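Colleague: Produce the complete structure using the sequences and hints provided.
Chain residues, written in single-letter form:
There are 4 protein chains.
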Amino acid sequence: MKYSFKNDYSEGCHEKILQVLVRTNGEQTVGYGEDPYCRQAREAIRQELKGPAEIYFLTGGTQTNLLAISALLRPHECAVGTELAHIHTHETGAVEATGHKILTVLPEHGKLTPRRVETLLQGYTDHHMVKPRLLYISNATEVGTVYTKEEIQALRELCDRRDLYLFLDGARLSSALCAEGSCVTLEDLRNLCHVFTIGGTKSGALFGEALVFSEPELARDFAYMVKQKGALLAKGRLLGLQFLTLFQPGDTGEKLLYEIGRQENQRAMALRKGLEELGIPFLEESPSNQQFPILENALLQAMEKDYAFETMGAVDESHTCIRLVCSFMTPASAVEEFLQDLRRKMEALSF
Amino acid sequence: MKYSFKNDYSEGCHEKILQVLVRTNGEQTVGYGEDPYCRQAREAIRQELKGPAEIYFLTGGTQTNLLAISALLRPHECAVGTELAHIHTHETGAVEATGHKILTVLPEHGKLTPRRVETLLQGYTDHHMVKPRLLYISNATEVGTVYTKEEIQALRELCDRRDLYLFLDGARLSSALCAEGSCVTLEDLRNLCHVFTIGGTKSGALFGEALVFSEPELARDFAYMVKQKGALLAKGRLLGLQFLTLFQPGDTGEKLLYEIGRQENQRAMALRKGLEELGIPFLEESPSNQQFPILENALLQAMEKDYAFETMGAVDESHTCIRLVCSFMTPASAVEEFLQDLRRKMEALSF
Amino acid sequence: MKYSFKNDYSEGCHEKILQVLVRTNGEQTVGYGEDPYCRQAREAIRQELKGPAEIYFLTGGTQTNLLAISALLRPHECAVGTELAHIHTHETGAVEATGHKILTVLPEHGKLTPRRVETLLQGYTDHHMVKPRLLYISNATEVGTVYTKEEIQALRELCDRRDLYLFLDGARLSSALCAEGSCVTLEDLRNLCHVFTIGGTKSGALFGEALVFSEPELARDFAYMVKQKGALLAKGRLLGLQFLTLFQPGDTGEKLLYEIGRQENQRAMALRKGLEELGIPFLEESPSNQQFPILENALLQAMEKDYAFETMGAVDESHTCIRLVCSFMTPASAVEEFLQDLRRKMEALSF
Amino acid sequence: MKYSFKNDYSEGCHEKILQVLVRTNGEQTVGYGEDPYCRQAREAIRQELKGPAEIYFLTGGTQTNLLAISALLRPHECAVGTELAHIHTHETGAVEATGHKILTVLPEHGKLTPRRVETLLQGYTDHHMVKPRLLYISNATEVGTVYTKEEIQALRELCDRRDLYLFLDGARLSSALCAEGSCVTLEDLRNLCHVFTIGGTKSGALFGEALVFSEPELARDFAYMVKQKGALLAKGRLLGLQFLTLFQPGDTGEKLLYEIGRQENQRAMALRKGLEELGIPFLEESPSNQQFPILENALLQAMEKDYAFETMGAVDESHTCIRLVCSFMTPASAVEEFLQDLRRKMEALSF
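Chains as they are written, first to last, in the numbering used here: chain A, 88 to 438; chain B, 88 to 438; chain C, 88 to 438; chain D, 88 to 438.
Any given hint could turn out to be false.
Since the list gives no way to pick one copy over another, a pair counts as held whenever it fits inside one copy or between any two copies.
[Said to hold, decoys possible] Dumping the calculated SDA-like pairs for lysine to any residue here, alpha-carbon to alpha-carbon at most 20 angstroms: (1) LYS392 <-> VAL117; (2) LYS103 <-> GLY113; (3) LYS236 <-> SER405; (4) LYS392 <-> THR407; (5) LYS103 <-> GLU114; (6) LYS93 <-> GLY113; (7) LYS93 <-> ASN112; (8) LYS342 <-> GLU244; (9) LYS432 <-> PRO139; (10) LYS89 <-> THR339; (11) LYS432 <-> TYR394; (12) LYS89 <-> GLU114.
Hints were generated in silico from the structure; no laboratory data involved. Only a predicted model underlies this, so the values are computations on that prediction, with no experimental measurement involved.
Modeller: Structure representation (structure tokens):
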């Protein structure tokens, strides 16, 4: 196999993170995230948020989602997301396992829109039905699209009107924030979302998600729940060290988190441009590090021999949508080689 | 502070593990523990078990315990442990949060004994009460003692008679297996326990517990539950790499896991011997890497200035039990210095 | 108000049931459903089923559904129903509160069809998603339609192929079994469904659902779960007495349960015929005791003054679907008067 | 068998309740407890409470306990009761099944005392342990004793100091309130308990518990949870009718609930006096409708032939504690006959 575009967690971690882990390896610190590195990492993030916030470091995305949602909801309350919402489709019923239903609406370009949520809410009026209480959105979305600030604001206004929480899953937030056309900042998210996550795993960390409660009261006793769900890392400093590094300047002077997001996107844009030039259509127009081209099946099979990627599903009898993901380590050369091979195979199949 | 004996997860990881993580950092592998390193690690453990087994790598101890227990029990079934059982006292109700009660009996030297379990079982006879279905034991126990093979056998016989599962929490298994007087092997555990864990976090890994199902049928669909509880690590190979290293020969030719357990115990035995020579009594006679000496309160306060350790609780008005833990990194010099300082302070307090 | 067609639980109970409750009121029996009346009732039902079965008497429908489903499923398994499934829409997330997701497909005339389930199943292939394990159907359905024996057979064949349980919610089973065109018997249900319920509440009992496990092994330890979910009635004989009466001959010699179902349907058919004659369309063609006519909004408002009924939702800007339900006590005169009033109001509104 | 003292739910219901059910049987009302009878019953109870309160009618005790507790607690919070607490011993882990641990302390005469709770609380200090949040007491207790107003006040003061809820399980409240020496009133309970129940099942109703939230805010959205746990009775008026009758004057002019409690106690006191005269010792001195005499085993066996009662457990090798319960229907003659038979058998066994 020449290269895997299967996801953005195929490799280890960014070299700066690795260096920090090696350098601090022999130090003794207290456990469970109460060490100085975690404190410094929280402080570094708060500076970027430009405001107070409660920040918890967790290991993985599903863990973070189920913890945040189950901490915020009372037993009869439910989450609302799009039909593509990761918590709905790819987390093995993790939210339901904590007792809460997920209601869904059709997405618009992968996004949750106030209009569709409003229509849904009209049907939930009494105690024979669950009570919608939290909107779940992903940024970047499950199909690579990115919310504008105005879109998030509109959702927050709906939340304020209807007493809902706005929760943003930022598993691929670094890519979303650095996407062309995105003007959303971490400061905006603190202002607009009740709770959101900053993904580390898909942005150059070995693992780790930072969970940000914009209103500290919402995090009351959250530490208990982290422990209860088995999410409290003994050597918690590993999370602090990684996020501290992600929030320090990288080679360009910009914070490493953004540097990584920006580079992932550059590779993805190179892929997209190359695919467009070859006339390949896309499921959605994605400005982020996931691209969803639609390939003729024979072409897909030809490419599978040398490259790894996810198959998303049949679009019609002869075409299939695939997912190509660029990671913090994807070299420009891998993109170029992929595009060259694709062109060659298209010619061979005489498209 | 001169040194922390607070626990065995104050430092990073064993240097051999660190080297492997650095060496493989740039490689691409598939995620979620389906990579070659996880496969090799499972194979290495199976060789040590000398028999078939289903093995899952998880991140932390509470996570592992709640997952294994909730996977094995039906809704009305419960776990039975001692009143000291970690799942009962220090996991924030993690097992109950999955819907299952824990029943407890008084420990004998920290251990669960068939006699006390039998007595308990006599009271659980109909459907107005929970149904005991799983025995939970820790080895080493919460007070540092270690089960003999005969003791585990006796519990298994009880389990076979009463249709119970035997679950052994091996958070500190490497220390237990290498403790003086212990003749238990991993092969024995595969034969005697339905399910058990091999702790990595407290044995030189950055994190990681290996969960072993001795009867593969018991692991049916377990992967679903791992994902559902948020315990499936995206870069799963990190767990495989660490356990693979722990199950390869260390400097002495012995598997690294045992080398680490043996060294932790050596330090602990040096501590114990020194304390005994100073006439300090112990809560229990522990052959493993946790020691529970009972200090006069003034002495405790004097030592706290230079050393970190856990305080377990008052024994009487003027004495308190503390916990001293030796990790894979604890140097012999730290033990010596601690003992010297203790002797000096005892003299100063004119004991 | 002249009459309520709001539902089939607006009144107390059938007079034969009332007589039995009065007659036995002073007797002493053991509690929790272990009394002779419950035994006799189970036996009477088993005779009708023509085969062995485990039968539990419970108080209400949501309780019965959540108990049966949570008893059958392991944590990662889920139920599949139509988008109209009562457990999905009108039980406040009761199934999810036990930890299990519900997946839905579009109904065909209110029914679950093998074709749509098969399509759904194709997407559930690995442990990142829940595992479909149980099909939920209602008979009569939520829109009054009734399954044929062939339809249930086809679902069972799918279940056998795909290792699924078939669960039939018979809240309105008496009406369904006695509906014109239905050739399904209780014996058939025992052969075709793994688990099903026989509703008492909507068939002339004060309350009560009989839950039938066609394969006794599926009911293993079910009594524990009944108690655990708060569903074990202290004076359990109340359930036994009611079901015993429902399964004894009524005035016509037929079992009272069928007599009630048949009479409910007769009233409903009279309603339907009358509505059809007035040119009123229906949501679905229902042969059972629930009718779903679609009324012009002005007419609906006129009728609401004298009659109670449920409003199901707007069909278009000027029409709304309502639900009319006939109970075991609905007199023929109420139906006639309703139809006369309707005709009169239609004339007044000059349709 | 001559008579069963097994419990206070061996018979149907009080004749006044039966009459009301018969009289209203044919009426149509709306379902789910929104009918006029439920409203009137709530009003009648509120008058007795002399203050505002939110009141819900539920079917059984375990159901009521699990609902109230799970509605009040967040995921990491737990209940505290005595080791005899019904929720701990005889409800099949119902509270744990909603995710919450129960911590226990030794009882003093069956009661929870502030002193023992305080001692327990000292050990629960951080997020590695559950957070005690609710005290559970039963009145009458599981061994028949009755709380004084001062005892309940002392518990409430502890609750106020430590941010705990006080929950009183009044399954046998009518007996407790009317017990000799008790000066507690429903008004007191509204003032002292955050939540409490008024048991109907064991006080002459067919079934039914009234759950009283003294602070309406605590009941926010409780109706959703009632439905979600399967506890919303379709023909909810059955509960309203029964409680309305219990809160109307009986033959003596006193409210029927008290009349029943008083009569149950009279029978129990007659039993106790007779047993005392025969020199029989008791487990605890109970002024309520449950008596716990300790019988010589041969005598127990002799009595078992003619009388039904619960066996509580061996006291020593030759003595066993039994439970005798008097219901609203227990005739004075049954008590007399029991005592005569007992005397005769004692003589025959030549005590």
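Colleague: If a hint holds in the structure, say so; if it does not, say that too.
Modeller: Tested hints:
Proximity of LYS392 to VAL117 under the C-alpha cut-off of 20 angstroms is restricted to the inter-copy arrangement: shortest distance 16 angstroms between copies versus 48 angstroms within a copy. Within a single copy, LYS103 and GLY113 get their C-alpha atoms as close as 18 angstroms, and across copies as close as 13 angstroms, so both meet the 20 angstroms cut-off. In this homomeric assembly, LYS236 and SER405 never come within 20 angstroms of each other (Cα to Cα): the closest approach is 38 angstroms inside a single copy and 39 angstroms across copies. In this assembly of identical chains, LYS392 and THR407 lie within 20 angstroms of each other by CA distance solely inside one copy; the values are 16 angstroms within and 57 angstroms between copies.
Taking identical chains as interchangeable, the C-alpha atoms of LYS103 and GLU114 lie at most 20 angstroms apart whether they share a chain (18 angstroms) or sit on different chains (16 angstroms). Taking the shortest Cα distances, LYS93 and GLY113 sit within 20 angstroms of each other only across copies (15 angstroms), while inside one copy they are farther apart (35 angstroms). In this assembly of identical chains, the alpha carbons of LYS93 and ASN112 lie at most 20 angstroms apart only when taken from different copies (17 angstroms versus 31 angstroms within one copy). In this homomeric assembly, LYS342 and GLU244 never come within 20 angstroms of each other (Cα to Cα): the closest approach is 31 angstroms inside a single copy and 53 angstroms across copies.
Proximity of LYS432 and PRO139 under a CA criterion of 20 angstroms is satisfied in neither setting, with 54 angstroms inside one chain copy and 45 angstroms between copies. Taking the closest pair of Cα atoms, LYS89 and THR339 never come within 20 angstroms of each other, the shortest separation being 30 angstroms inside a single copy and 39 angstroms across copies. In this homomeric assembly, LYS432 and TYR394 come within 20 angstroms of each other (Cα to Cα) only inside a single copy, at 13 angstroms, whereas the closest approach across copies is 67 angstroms. Within a single copy, LYS89 and GLU114 get their C-alpha atoms only as close as 39 angstroms, which misses the 20 angstroms cut-off; across copies the closest is 12 angstroms, which meets it.
Of the numbered hints given earlier, the model fails hints 3, 8, 9, 10; all others are met.
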